[in-house]
Amino acid sequence: MRNTASTSLSKGKIRQSWSKYNLYNLQRFRKPTTASRTFFQQKWTAKAAARAYHGEQVREGQWKRMFSKHIRSVIPMNTTDLAADDGSKESAGRGSGLSETSSRNRSRPIPFTQMAFAPLERRLDVAIFRALFASSTRQARQFVIHGAVTVNGQKMRHPSYLLNPGDLFQVDPDRVMYATGAPKTAFERREARQMKQKSAEPEAEAEAEAEQTKAKPETTEKESAKDTLRALMSQAKTIMSTDKDVLPAKRKQELRGFQKAVRRVLSRSDTSSVLTDNLEAQFSQLTLLLNAKRAEKKPAKGSERETQDKKTSPTSTKSGEAASNALSDAFQAAAEGGEVDTSELTDEEFDVLRHALTQMRDNPIDHSKPYATPWRPRDYMAPFAFIPRYLEVNQNICAAVYLRHPVARPGSAEVPTPFGESISTPAYGWYLKRRW
Amino acid sequence: MAPRIQPQRVSNALLPYLTSSTSSSTSSITPTSTPLSSPILSRQFSVTPAPQTRLRRQMFLWLTTKGAALKHHTPGETNYLTGRDKDDKSGGNPRPFPGNSSFLSESVLSEELRNEIYVRVVEKKKSVRAVSVEFGVDMKRIAAVVRLVELERRQRAQGKPLALPYARAVHEMVPTTPLAQEGEHPVYHESINDLPAHPSTGAQIFYPVPESRSFNRVDAGRVFSGAPALEIDVAAKISHPSDLIDDIVQNPNSIEWVGKGGNARQVLQPADVRIPHPQLVQLERDRKAFPNERRTVTERHNERLKKQEEAEQKRREVAQARREKSVQHVEPEGGRFNYRIQDAKFTKETVGVDGRAPWAPGRRYGIPADDRKRGIVKIPTRVEA
Amino acid sequence: MVLRIRLARFGNKHTPFYNIVVAQARSARGAKPLEVIGTYNPIPKRPTNLYDGNAQARPYKEVALDRARAQYWLGVGAQPSDPVWKLMTMAGLVEPKPTTFHKA
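Protein chains in written order, with the numbering used here: chain A, 1 to 436; chain B, 1001 to 1385; chain C, 2001 to 2104.
Pulled out of the complex, with its shape left as it was, chain A reads as follows (with noise of 0.2 Å):
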């Protein structure tokens, strides 16, 4: 199918999409005006803008065919008021109830034509793009075509398979990433680029190899384990930094310096053959190392550790130096293998140091990936960001149980849609049966 589902400017339709074109249209939409217009006219403008976001790859035949005028709807029950009587209260008299004091009369309206594109997010392409697995429905539809989607443990290729409830649909999480992430840079490309041909030419990687094992003897010389444990730690701080003035190449360099100082200090413990492991042997020997040292600083030092931060606390840049000195220190007598004192660390510094970790185990640099590494959501994806709740997701492993389908409950409808009443209705009216 051609993909006519341009996001362009002179249109201003709103698709499924999380393009910063749509982004645009979105927030610059209006109510089209309905003064001097036909109310023909007002149910084909309706429809037409309804149409392009719900369901713009799906045939007009083939959507008329899955409408239906009937719209499912819950009411949250209170068990309270159901104790409270029979229901003959609401029936007394000459019908409507004796007094109009219930409460439960007084509801919100159930938007029951904001639904009327709901038979279309029972659609396993749009199901995966409300997941948030997708950037928009045309990339979940080509992930299906590709294979990239089982639908209960089974390879579904077809994007217009229609969701039971209880079905768990699964992407293949590179895909995710990369529909979800943000793009490589043409740096990126090119170094990936430079990777892939130096794999090509497997004896050149190795002759630079082994210049590399000789000259890390001499590196290891001359950076004291004092220095290159501090670097470690400023590092591991950057990186967990939230800071928004950290930029995306700068954070990148310090994970890049952070992968090489856990390396140095790897090579420095009595298991050296971690080294040569890939990067999850090193980080659980690295967090057993953790580990060991907190288990036997807990219980000796605990009360003692506690004053001396209090004492500590008002001189905050002192304390923090002191103390990635001492992590240093612990660290380097860890790896010498000898008895440590780890009563000057503080509980921060450990947890720093472990997130740090953990976030360069789970977020690394690969430039084999289709997306820039480490990995971080696309730009404008916020906006658009929003799980409904007939859909339960595990993000983790990328994959949603369909639950149930979307209803109305007073107040509030669950079908995603950008429109308001003032084009649902029109369009909801335009789609059935009876022209009105």
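Just so you know, these hints were derived from the structure itself, not from any lab.
No false leads were mixed into what you were given.
Which stretches of chain C does chain B cover? Using the computed rule of at least three CB atoms under 8 Å from a CB of chain B, they are:
#, region
1, 2010 to 2019
2, 2026 to 2037
3, 2057 to 2066
DSBU-like cross-link-like pairs, simulated, lysine-lysine; straight-line CA separation at most 30 Å:
#, chain 1, residue 1, chain 2, residue 2
4, A, Lys-69, B, Lys-1140
5, A, Lys-155, C, Lys-2013
6, C, Lys-2061, B, Lys-1348
7, B, Lys-1066, A, Lys-13
8, B, Lys-1378, A, Lys-155
9, A, Lys-184, A, Lys-369
10, C, Lys-2013, B, Lys-1373
11, B, Lys-1378, C, Lys-2032
12, B, Lys-1160, A, Lys-155
13, B, Lys-1160, A, Lys-184
14, A, Lys-89, B, Lys-1288
15, B, Lys-1373, A, Lys-155
16, C, Lys-2045, B, Lys-1373
17, B, Lys-1160, A, Lys-369
18, B, Lys-1373, C, Lys-2032
Cβ coordinates follow ideal geometry from the N, Cα and C atoms, glycine included.
Based on these hints, arrange chains B and C on the given structure of chain A.
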């Protein structure tokens, strides 16, 4: 379409690969600086910047001014077009669309709450119903959470790739329901007693009732489903609609049927029975009846819950046993495949008198296949779990 | 004439599906049989990764069989074809087919 690269940026000497890759459209190489030896290279390129339309200019202006706040998110806060107005404490405005006030971005379960639900159901063996009431999470959602967390744990154990940074980012962007700390009152996730609007209640019915008689929810259900009114002595036994709960929970098939043939339908039950947690109505009634005997009330509630659990468990087991009995699993030695031999019945009832009934097992003879007909759904309509 | 219990191919190109039928031995494959007693789907289904139990399980093929009718037809002398014999052995209806020769 990506914004066009401006010549000034491209001519930057630090980005040689950029010029080479995009030279076909917007080359920065000025004619004076290029040696014009070959006739192919002598082609002249325009050096004037690509014209921006008014709309594009406006869009990029908006993106750099008002829209700039939308580019990145602040962890723990929503960042929607409607902006952060009114209450800043609750983590931003929950309306994603400025034009639609009836759609709210509702919270999702936080990771800790999800894991806690899994622990309660799978490891502590609590019933789904009890956990649902405890956390205020729909029972279907509990079942889904258990499935998903189980799958996640398996994938972690198998070392399959996970999308952890993505998960973290999403949970920073959308509102989440946190897990209550020890001693805190739990934050209820959603309403658990949603009553679906039954299609037969759509009609407006004129039904005169003598004023001397009370017309309650049980009677209303019978009127909507077209069943005759209850006999007076039967109706007198039902003091409250929740009296019907026990029987129906124990045996859902005991609900009365009306109508014939294709029009047969079960009598519409009162809301007390149809909500997902009918036992809570009984609990509330007990509380009202015995306001000073909290222990008795709790005991009665627990007893009812236990009975309900047992009945449901029994039904599940019976269904499971029936399924298993009809299937024979064969695992031939040395073969590549297992076989599942399902019992089938090919009788007059299942295949019709002429053996051509469309619902009969196997493929039919003498009937054209519909697999290429127009308007018939050809893709799978369900996937077995 | 001999009655055979055999497979009748349905389905499309590359997606075979068989009815297990009782038919006269000389009748055409696609002709209407005396009786359909089961189905056989030779395309293996892969167990999903959704449950713990079937993580390492082998793919499986689905067979549906009316045991009572199969036993009746065997009783009146219908002869299963080789593939049906294999399936019926697995269902426990007949003994494994005796091999006419032994490999050295």
